[in-house]
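Trainee: The chain contents come next:
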Amino acid sequence: MTDFTPTEMMTIAAARALSNDDVCFVGIGAPSAACNVARLTHAPDITLIYESGTIGTKPDVLPLSIGDGELCDTALFTVSVPEMFRYWLQGGRITTGFLGGAQIDRFANLNTTVVGPYDHPKVRLPGGGGAPEIASNCGRIFITMALTKRGFVERLPFVTSMGHGEGGNHRERLGLSTSGPTRVITDLCILEPDPETKELTVVSMHPGIARDQIAGNCGWPIKFAETVIETPAPTETELVVLRDINARTKKAHGAAGKEAA
Amino acid sequence: MTDFTPTEMMTIAAARALSNDDVCFVGIGAPSAACNVARLTHAPDITLIYESGTIGTKPDVLPLSIGDGELCDTALFTVSVPEMFRYWLQGGRITTGFLGGAQIDRFANLNTTVVGPYDHPKVRLPGGGGAPEIASNCGRIFITMALTKRGFVERLPFVTSMGHGEGGNHRERLGLSTSGPTRVITDLCILEPDPETKELTVVSMHPGIARDQIAGNCGWPIKFAETVIETPAPTETELVVLRDINARTKKAHGAAGKEAA
Amino acid sequence: MARIVSLAEAVEENVRDGDTVAMEGFTHLIPYAAGHEMIRQGRTDLFLVRMTPDILYDQLIGVGAARGMKFSWGGNPGVGSLHRFRDAVENQWPRPIEIEEHSHAAMANAYEAGAANLPFAAFRGYIGADLPKVNLNIGSVTCPFTGEVLAAVPAIRPDVTIIHAQRADRKGNVLIEGIVGVQKEAVLAARRSIVTVEEIVDELDPPSPNSVVLPGWAVTAVAHVPGGAFPSYAHGYYPRSNAFYIRWDEIARDRETFTAWIRENVLAAKPEDFARHAAKTAAKVA
Amino acid sequence: MARIVSLAEAVEENVRDGDTVAMEGFTHLIPYAAGHEMIRQGRTDLFLVRMTPDILYDQLIGVGAARGMKFSWGGNPGVGSLHRFRDAVENQWPRPIEIEEHSHAAMANAYEAGAANLPFAAFRGYIGADLPKVNLNIGSVTCPFTGEVLAAVPAIRPDVTIIHAQRADRKGNVLIEGIVGVQKEAVLAARRSIVTVEEIVDELDPPSPNSVVLPGWAVTAVAHVPGGAFPSYAHGYYPRSNAFYIRWDEIARDRETFTAWIRENVLAAKPEDFARHAAKTAAKVA
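Residue numbers (numbering that gives the first Met the number 0), protein chains in the order written: chain Z, 0 to 260; chain E, 0 to 260; chain C, 0 to 285; chain U, 0 to 285.
Please keep in mind that the hints were generated in silico from the structure rather than gathered at the bench.
Predicted, not measured: the structure shown is a model, and the values here were computed from it.
Note that CB positions come from ideal geometry on N, CA and C, so glycine has one too.
A couple of the hints might just be wrong.
[What the hints assert, rightly or not] Mimicking EDC-like on lysine to aspartate or glutamate, the simulated pairs with C-alpha atoms at most 20 Å apart in a straight line are: (1) Lys222(E) with Asp193(E); (2) Lys170(U) with Glu202(U); (3) Lys132(C) with Asp193(E); (4) Lys269(C) with Glu8(C); (5) Lys121(E) with Glu99(C); (6) Lys170(U) with Glu12(U); (7) Lys121(E) with Glu97(C); (8) Lys57(Z) with Glu202(C); (9) Lys132(U) with Asp118(Z); (10) Lys170(C) with Glu8(C).
[Stated by the list, open to error] Here are the computed distance ranges between Cβ atoms for each label pair: (11) Thr43(U) with Asp59(E): 44 to 54 Å; (12) Ser178(Z) with Met0(C): 50 to 60 Å; (13) Trp92(C) with Lys148(E): 27 to 37 Å.
[To be verified] From the structure, some residues in chain U lie toward chain C, with a derived Cβ separation under 7 Å: (14) Trp92; (15) Pro95; (16) Thr145; (17) Pro153; (18) Gly177; (19) Pro206; (20) Asn209; (21) Ser210; (22) Trp216.
Put together the whole structure using the sequences plus the hints.
Mentor: Given below as structure tokens:
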């Protein structure tokens, strides 16, 4: 067994959650790496969609932006952004949406908008982008974020996209028939909403991680499921595929750098 | 001067109403012939659009249907039908719409739906197709129809598409800012709505046509403008162009006929 | 993921008696072979949806397969009436038919709304027209910002949509080119879909990254039926048989000639017979 | 009919102080050269509209050209914050900026409604999200058939839309390929439009009949600006300079380095300077 970093474990755990039949709406960063590792390992026929309009894309290097040329070059086809949001996302054709965020609460609501009051923010974050409708229109949502006290907070200053709202059947009460966040994959553990309360609960801990390490990195008193398993360590294949695509990506973006103005 | 038929005069008079700057929504039959004669004579840069989605088309032979392959082959580009009706027609980008119909009344309302009651029609006609929205969304409407008592009627059994409604400022009252029918070109004469009442009024009579011939072919007591001019007879060029395109069309559709099942 | 099957299998599995069926193709790429297969399999009580019914629906109505039809223009393009449609509406032969009539703009918007998973479509339409007086499915909606009142129609959500396209690859990804009509919207609006194609190829190879493609995972069944759009046409394969459209006027004018034509050309025929039309026409073009 | 003019002329004639200006391009084909020309011509009090503001609007905001901005994601893609945007929102430097914030779905639908000449767009959105609490331009509309309540936003109707495209012909017909974003909708929604292009050719020659084309009569001005999308990219011409996006983080972090960069690379530069980037990058690709 090779050594691996917590981020590698997070990406690989996220990749494993995807299957061959998934139609996946991919965000930039960790989700993009996870989806492409899945495609290059156990889910070769997975359909990857980026909100720039590229459908069925198979990038050889990970994009820096959501609309890198590589995504279009390797896509089955590319549609306009209005069509993407209307026919494909709102149309209910996406099985799995991947989100990340600056902050998350215990019901998997996300904030990527502001820290502080909206009108006089302490920190102005980029905003929601596709997240509010990804969160409601995809069959289910996976979230990847490193587990930190700054990120996993007791109360969000702003709900950019809804997870399970106030918990319980809040989604149903708002007329939603999609599942919402079913899994949060961090660098230390995997969380899933409790079936009843919908509060995020640790269901799997990554190899070598202790309970107090997890509790100490979370902004609320985190709960553990009755049975908590150990996340299987990355396999040799998974690590090689991930490191290869990361190396190709670094080389590609680095090369591009040299000729830049 | 060559001899010409009333239908040729009608088509050529309609063609003359179009200019180089027009973006024209073309119907099948007489409108299609008129628009292409205009394009092949005085308006080479006219933009012709057929509701099948073909934009900037330059057919060499006239289509039998609104979606013949010739229209797509010679178009600048071809869009989906929803886009055609949303971005291009409703978008307000069409200067001139061409309509015909089974029946018309004195305010240039048209019926192509039923003769007799809607629920138990004596004759079931094809229906409106694009007409209701062509009539309201184009900058102005031209209508071509042969002048007959069956076609030009006192009262329509069904208003498929609105012309000037009950006359006067009826269009404005309904919130329309487009001009509606500004000219009706028949095989005997040209009619235009009276500036005040909007009642169709004869403004030009084709060569050799007498007033009582016109009055005798109209289902309501038809009015003549204070000054009625004579429609200039077709020129040699106009006739040659019209007859050429008709001959090419007949040949093309005839040839297609021989191999049919 | 689309299954690649025979046309008979595709219709057996996906079209049920009583279904709301949309068969689209705006003059181009009309799925005639699929319609004939439905007649052969004796599907009945169908609610047919199509902007421009034309000969295909004249045939389905004439054999009594339809309980109703939603449409916006019911004629034989450039030729005249649909005699079987008229006979059904005017004389209830061979059975009465319920009609829901719209404008093209309404139908196009309603399919678009269906594809977008919206319950209704709003548009600037029907102003001063009589259809809203006879069609309860034409309503209105008020803009919450300007107070303007717009026409509204319910989204079209067929049980099954059937279209014809140029080609598919072995994963069931479909390419449509030329006059693309409302086919993409009609497929995406439906619960199930059948696409008949001229060719099945190894590589789909669309000419542009922005070509009109339906991915295999958005289609239920793909069937290889060369010539399957005849007497309509397939851009790049064979032209429209305008002559057959003209001939249909005689065939359909009379109940007996119509019934005889159906017996001979539909009931006693097979999907493979369409290949003959395609090949024949293609040869003329070349 | 589109006039083919210099970029300076296009901006002089079509962009006015106080205008609502949409500059679109979803990562791809972002009209940087046109933005720099607006800065050189000193346009001010602009209300900027763009789904993904990115570096282009960071520059316009940083020089104080904008009174407001409507947007849905204001970051440097894959890199981090837009420092000039943050400085304006957090510290009102160099002037306060009014923001109207939406989701991508809302913006895309609002452009689509603008292109379709509708006053508003309805969509399934913002459920359980806080934006409707802080943005009065998010309303709702009720389906007249099902009673369902949907989110609604006003259509976007810019005074002027500016985009970059691959090529135009001499009549001003424009071809856009690859990641086409909302550019077509943004142009059709606007009163006036400017398209900068990599090439002007004799024959537009789209690869498919269904390619994304804007006809010359739907465009106000076309300007030939090779490389005009740099550091964004033009599919088929030159790739995105991801490295410049990364470098921007340092340049923009500090008011002085930003101002110096603008002085040197915008105020002292010309549209023709973009050709250098394009050529250089293209050479690397070949």
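Trainee: Next step is simple, just say for each hint if it's right about the structure.
Mentor: Hints, one by one, checked against the model:
| no. | hint | result |
| --- | --- | --- |
| 1 | Lys222(E) with Asp193(E) | holds (10 Å) |
| 2 | Lys170(U) with Glu202(U) | holds (10 Å) |
| 3 | Lys132(C) with Asp193(E) | violated (29 Å) |
| 4 | Lys269(C) with Glu8(C) | holds (13 Å) |
| 5 | Lys121(E) with Glu99(C) | holds (18 Å) |
| 6 | Lys170(U) with Glu12(U) | holds (19 Å) |
| 7 | Lys121(E) with Glu97(C) | holds (16 Å) |
| 8 | Lys57(Z) with Glu202(C) | holds (16 Å) |
| 9 | Lys132(U) with Asp118(Z) | holds (12 Å) |
| 10 | Lys170(C) with Glu8(C) | holds (18 Å) |
| 11 | Thr43(U) with Asp59(E): 44 to 54 Å | holds (53 Å) |
| 12 | Ser178(Z) with Met0(C): 50 to 60 Å | violated (21 Å) |
| 13 | Trp92(C) with Lys148(E): 27 to 37 Å | holds (31 Å) |
| 14 | Trp92 | violated (33 Å) |
| 15 | Pro95 | violated (25 Å) |
| 16 | Thr145 | holds (5 Å) |
| 17 | Pro153 | holds (5 Å) |
| 18 | Gly177 | holds (5 Å) |
| 19 | Pro206 | holds (4 Å) |
| 20 | Asn209 | holds (5 Å) |
| 21 | Ser210 | holds (5 Å) |
| 22 | Trp216 | violated (21 Å) |
Hints 3, 12, 14, 15 and 22 from the list above are not met by this structure, while the remaining hints are.
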